[in-house]
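Asks: Can you make the complete structure from the sequences, with help from the hints?
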Amino acid sequence: MSSNPQRPLSPHLTIWKWGPHMLVSILHRITGSGLTVVGLGVLAWWLAAIAGGEVAYDRFTKIAGHPAGLVVLAGLTWAFWQHLFSGLRHLVLDTGAGFELRTNRFWSVMTLAGSLLATAVTWYILVGVGK
Amino acid sequence: MSQGESATPLGKVRGLGSAQEGGQHWLEERFTSVALVVLSLWLVFSLLMLPDFNLDILKEWLSSGTGAIPMALLVITAFKHGLDGLKVVVDDYVHDEGTRIGLHYFLAMAAIAGASIALFALAKIVFGAAA
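Those protein sequence lines, which keep their order, are chains A and B. With numbering that gives the first Met the number 0, letter number 66 in the first sequence gets 65, and the count goes up by one each step, no holes. With numbering that gives the first Met the number 0, letter number 129 in the second sequence gets 128, and the count goes up by one each step, no holes.
The hints are simulated quantities; they were obtained by calculation from the structure and are not laboratory data. Hints may be right or wrong, so weigh each one.
[Unchecked claim] Some chain B residues close to chain A (C-beta under 7 Å, calculated; not the full set):
hint	residue
1	Leu57
2	Lys86
3	Met108
4	Ile111
5	Ser115
6	Ile116
[Claimed, not checked] Derived coverage of chain B by chain A (criterion: at least 3 residues anywhere in the stretch with Cβ under 8 Å from a Cβ of chain A; other residues may be distant):
hint	segment
7	20-33
8	39-53
9	61-69
Cβ atoms here follow ideal geometry from the backbone N, Cα and C, with glycine treated the same way.
Replies: As structure tokens, this is what we get:
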């Protein structure tokens, strides 16, 4: 690429006052990357463990049920809901709607609140059923 | 339009026009995202509705048509969507063209390998159960 690294960059990330829309924007990227690398990795491993039979599946549930495994699974649950709600917001934004400052801010905050609530409900059901 | 050596990088890019591929990539990412809204929610609600995560119960669910077919679609769509997303992340942060092409290649191979492992495991669950 024909760029000159000697030229100074204008400050951009450092000079803005953080708002919920900026947080949701970068979280969409972080959760998407995490879901792809970690989430799809776990999904493939989980399917392979089920296909592998008793021993392989026992090993999977032992690691997944370990406190560290549960933290990863809870993180994936939150990442899933956050990426889903944020993704739905993006599909609306793609149509050109929802860019008014108050509307944009409101739905940004709603994706954050929604993902936390949905994660709590998901794990409440999981733990409640005793799985 | 002729462009001499004196043209600035921006001028050259303007003269060349778009690479004609961005729109297709952008649209495909949206197509898969809409499909994933349905498929990922199917997975979450299916898991929450299972009585427990016993190996036999999971095998019975995944070897049925209503389990195996959406799961196969989910695996294919999720790996495609994840690959599309990670490629955009690479495009945004990796400025060296050689490294970028190398990373795109690596991501594509990793996505194909991951999806293949998941689909093979699923096939083993489906056809292993019948035997």
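Asks: Evaluate each hint against the coordinates.
Replies: Hint check:
no., hint, result
1, Leu57, "holds, 5 Å"
2, Lys86, "violated, 11 Å"
3, Met108, "violated, 14 Å"
4, Ile111, "violated, 12 Å"
5, Ser115, "violated, 9 Å"
6, Ile116, "holds, 5 Å"
7, 20-33, "holds (count 3)"
8, 39-53, "holds (count 8)"
9, 61-69, "violated (count 1)"
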